[in-house]
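Q: One letter stands for each residue in the lines below.
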Amino acid sequence: MLRLDLIAGGFYLFLCLLVSSCHRHEELASYEEYVEEKQRTEKSALTYTAIDGSVVQPLVFKKGVKAKVFIFSTVDCPVANGYSPEISRLAKVYKDRGVSFHLIHVDPDTDLAKAKKHAQEYSLALPVLLDPKHELVAFSKAEITPEAVVVTPDKKIPYRGRIDNLYADYGKKRRQVTVKDLELALEAVLKGEPVAVSRTEVIGCIIADFKK
Amino acid sequence: MSETIKKQLKSIVVALAVVSYFFCGQATADEKAKEAKTEEKKIENLPEKVTYHEHIAPIIYKSCTSCHRPNQVAPFSLRNFEEVKKRGRLIRRVTKKKFMPPWHPVKGHGDFVGDRSLTDRQIELISKWVKSDMPEGDPKKAPKMPTFTADWYLGKPDLVVSMEKPYEVYASGPDIYRNFVIPLDIKEDRWVTAIEIRPSARSVVHHCLFYYDDDGYARRMDGRNGTVGFSRMRLSSSKSLGGWAVGGMPYHLPMGLGYPLPKGSDLILSTHFHPSGKVEKEKTTVAIYFAKEKPKQRFMGFQTPAQYGVFSGISIPAGENKFQIQGSFTVPVDTKLVLVSAHAHYLGKSMDSWATLPGGKKMPLFRIDNWDFNWQSDYNYKKPVLLPAGTVVSSIITYDNSKENPSNPYDPPRRVRWGLQSTDEMGSVIFGCVAADEKDMNELRDAIRSHRRGRTSEGRGGVVGNGKSSSRSGGGLLGRLKRLDKNKDGKITRDEVPGAFLKYFDRLDKNKDGVINEEDRR
Numbered sequence: 001m002l003r004l005d006l007i008a009g010g011f012y013l014f015l016c017l018l019v020s021s022c023h024r025h026e027e028l029a030s031y032e033e034y035v036e037e038k039q040r041t042e043k044s045a046l047t048y049t050a051i052d053g054s055v056v057q058p059l060v061f062k063k064g065v066k067a068k069v070f071i072f073s074t075v076d077c078p079v080a081n082g083y084s085p086e087i088s089r090l091a092k093v094y095k096d097r098g099v100s101f102h103l104i105h106v107d108p109d110t111d112l113a114k115a116k117k118h119a120q121e122y123s124l125a126l127p128v129l130l131d132p133k134h135e136l137v138a139f140s141k142a143e144i145t146p147e148a149v150v151v152t153p154d155k156k157i158p159y160r161g162r163i164d165n166l167y168a169d170y171g172k173k174r175r176q177v178t179v180k181d182l183e184l185a186l187e188a189v190l191k192g193e194p195v196a197v198s199r200t201e202v203i204g205c206i207i208a209d210f211k212k
Numbered sequence: 001m002s003e004t005i006k007k008q009l010k011s012i013v014v015a016l017a018v019v020s021y022f023f024c025g026q027a028t029a030d031e032k033a034k035e036a037k038t039e040e041k042k043i044e045n046l047p048e049k050v051t052y053h054e055h056i057a058p059i060i061y062k063s064c065t066s067c068h069r070p071n072q073v074a075p076f077s078l079r080n081f082e083e084v085k086k087r088g089r090l091i092r093r094v095t096k097k098k099f100m101p102p103w104h105p106v107k108g109h110g111d112f113v114g115d116r117s118l119t120d121r122q123i124e125l126i127s128k129w130v131k132s133d134m135p136e137g138d139p140k141k142a143p144k145m146p147t148f149t150a151d152w153y154l155g156k157p158d159l160v161v162s163m164e165k166p167y168e169v170y171a172s173g174p175d176i177y178r179n180f181v182i183p184l185d186i187k188e189d190r191w192v193t194a195i196e197i198r199p200s201a202r203s204v205v206h207h208c209l210f211y212y213d214d215d216g217y218a219r220r221m222d223g224r225n226g227t228v229g230f231s232r233m234r235l236s237s238s239k240s241l242g243g244w245a246v247g248g249m250p251y252h253l254p255m256g257l258g259y260p261l262p263k264g265s266d267l268i269l270s271t272h273f274h275p276s277g278k279v280e281k282e283k284t285t286v287a288i289y290f291a292k293e294k295p296k297q298r299f300m301g302f303q304t305p306a307q308y309g310v311f312s313g314i315s316i317p318a319g320e321n322k323f324q325i326q327g328s329f330t331v332p333v334d335t336k337l338v339l340v341s342a343h344a345h346y347l348g349k350s351m352d353s354w355a356t357l358p359g360g361k362k363m364p365l366f367r368i369d370n371w372d373f374n375w376q377s378d379y380n381y382k383k384p385v386l387l388p389a390g391t392v393v394s395s396i397i398t399y400d401n402s403k404e405n406p407s408n409p410y411d412p413p414r415r416v417r418w419g420l421q422s423t424d425e426m427g428s429v430i431f432g433c434v435a436a437d438e439k440d441m442n443e444l445r446d447a448i449r450s451h452r453r454g455r456t457s458e459g460r461g462g463v464v465g466n467g468k469s470s471s472r473s474g475g476g477l478l479g480r481l482k483r484l485d486k487n488k489d490g491k492i493t494r495d496e497v498p499g500a501f502l503k504y505f506d507r508l509d510k511n512k513d514g515v516i517n518e519e520d521r522r
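These protein sequence lines map, in sequence, to chains A and B. For the record, in the first sequence the residue sitting at position 8 is 8 according to my numbering, with numbers rising by one throughout. For the record, in the second sequence the residue sitting at position 432 is 432 according to my numbering, with numbers rising by one throughout.
Pulled out of the complex, with its shape left as it was, chain A reads as follows:
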């Protein structure tokens, strides 16, 4: 008799624990969301000095800016460097259509002078920022250079991934690009449509390597 009581009591206790842990879990999830939301609003104020000395707030959208594109890079990633002319071309083409491009260095060893020299060598025609603490990396959830991240004024990320499909794999360059993922995403965003392929895999250098 006594034993049965014990078992029943134990079972009840177990149920209580289960319920409360589920409840806690729920609470935690919403708390995480809250933190994320808080971080987002705080990050809106993230301020950087670009290599030309201008002050840039990448997550502040001025009137008329419909989207921003962050391209994550390092000065010595050969894949990212190879894309320099294409990145400059896209930045120029979309500037008049309300999309502003930023190139963001993720290597903490890259200072303004190095970034400036690099931008001159590769004729980069877009604002170049340094993100040594990986704040923009964290916001964008970028993982590989040269990853392109499209951000809309509501701080949503409708596209994150490769610029196009030039690289089929490491060292495997296509003879010709057949899918221009970033352009497709931007066209959709500008039309106010959902992006068909919103995440793609990037071939390049791993950003986590540069975390200090």
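Please note that the accuracy of each hint is not assured.
To be verified - Cβ-Cβ distance ranges computed for the label pairs, FRET-style:
(1) A/A168 to B/G223: 28 to 38 Å
(2) B/D215 to A/D109: 45 to 55 Å
(3) A/A208 to B/P143: 26 to 36 Å
(4) A/D52 to B/V113: 47 to 57 Å
Unchecked claim - Chain A is nowhere near these chain B residues, computed Cβ spacing over 12 Å in every case:
(5) E48
(6) F148
(7) P317
Quick caveat, the hints were computed from the structure, so don't treat them as lab data. Predicted model only: the values in this text are computed from it and were never measured. Quick reminder that beta carbons are idealized off the backbone N, C-alpha and C, glycines included.
Got chain A; can you put chain B on it based on the hints?
A: Chain B only, in chain A's frame:
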């Protein structure tokens, strides 16, 4: 009646196909299980704690640092703990993918000098180190950092020459293949044992093949379109002086051998450029090493199939993902293979070469499973491979002309035939060899000559599974040459003909007017 038999046959074939498919599927599943097991085993044997100084540094120093150091071809340096840790995850990824270090021949198919590939154990060590957060370990256990000479790797060269003018490589666009001529001004016949290259713009020079030109063709072509060098190269493996690709070290030919270099020849650099994102100027310098005396043995080459597959019926249907050609050469005398290289263009997928010894025993010679047009290299056997007289050297080249081949130059795919342009196809495995006994040299040379001219059916080879030993479509040699008539003016001039075919040119140009046209058909 015959209809029903046909139907029955058909169903039997289908049933067989289904059964065999099932069995094959089973086999690969088993293989996969086996693979997974061996991998687990490997990991078990790894040290408990993998540290940089004890386990990783030896691998990096041996296989990475020679290129990954300042002013070398690789994009960043890997010389110490900090530099390696900073690329740890990337190193793990590219070594697992076997993209780095660059080495393409498959293990167990020839044993080559300068093999840079990592063992599975080394790859797993790196992986474990990265996954366990890259501990540094005890610096006392570190191996000595190798020293790299700033001078020429092979010591004092016999001759150092440079391109006269730099060639400008654009920032972005398709890869460039361009030839440059450098006058050598040598007064007597020489034999080249090695060439070491020093590009001025290391990040864009991917590989370079060396040739000599002894008839002034290259000088005439140089700068014709207003820029340094020329784009068309007449192929002639008999005028090869070897080659170099990124990551490669220069080596002297073994056994005192040398590539013949006739007096008065010009040096041709056939260079492949990867645009890097910025405009670069390349002015290559090369060091040439000569044999002290005329080599005692004549260094020769043969291809399987012969002549880059020109006789083998290369005509790859659009969408075909496994098109194969084959060809063989029977050595008439005891022969030693010294080196091997392969040639195919963008659709090339793999190549496999083996020797069938007189007793019927097969011996693997060379294999590349993932052919990449960007990596054309010579591979020197560590020990020359002795082939007894009567040994048959065979190769199969496989092409993928499907949409799934990322290197396919055409989208959508098109039928691709044999041709000189990189968007055409070719294919052969090229062996450098000597007669084991120099007394037999003439016999070997004559056999190679007749093989090269497509006089033997084994040399011409053919399409695998075609049942024919040789494809003669296109009206034989004249038909084939007519395909070279790119401007379709109905005649072919000497300039349009690749070097390997010049000897046919004179034979076909019956009235000796310097062009091949309908008149020569008589």
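Q: Against each hint, give a clear statement of whether it holds in the structure.
A: Hint by hint, here is what the structure shows:
no.	hint	result
1	A/A168 to B/G223: 28 to 38 Å	36 Å, holds
2	B/D215 to A/D109: 45 to 55 Å	54 Å, holds
3	A/A208 to B/P143: 26 to 36 Å	27 Å, holds
4	A/D52 to B/V113: 47 to 57 Å	51 Å, holds
5	E48	25 Å, holds
6	F148	20 Å, holds
7	P317	19 Å, holds
Violated hints: none; the structure is consistent with every hint.
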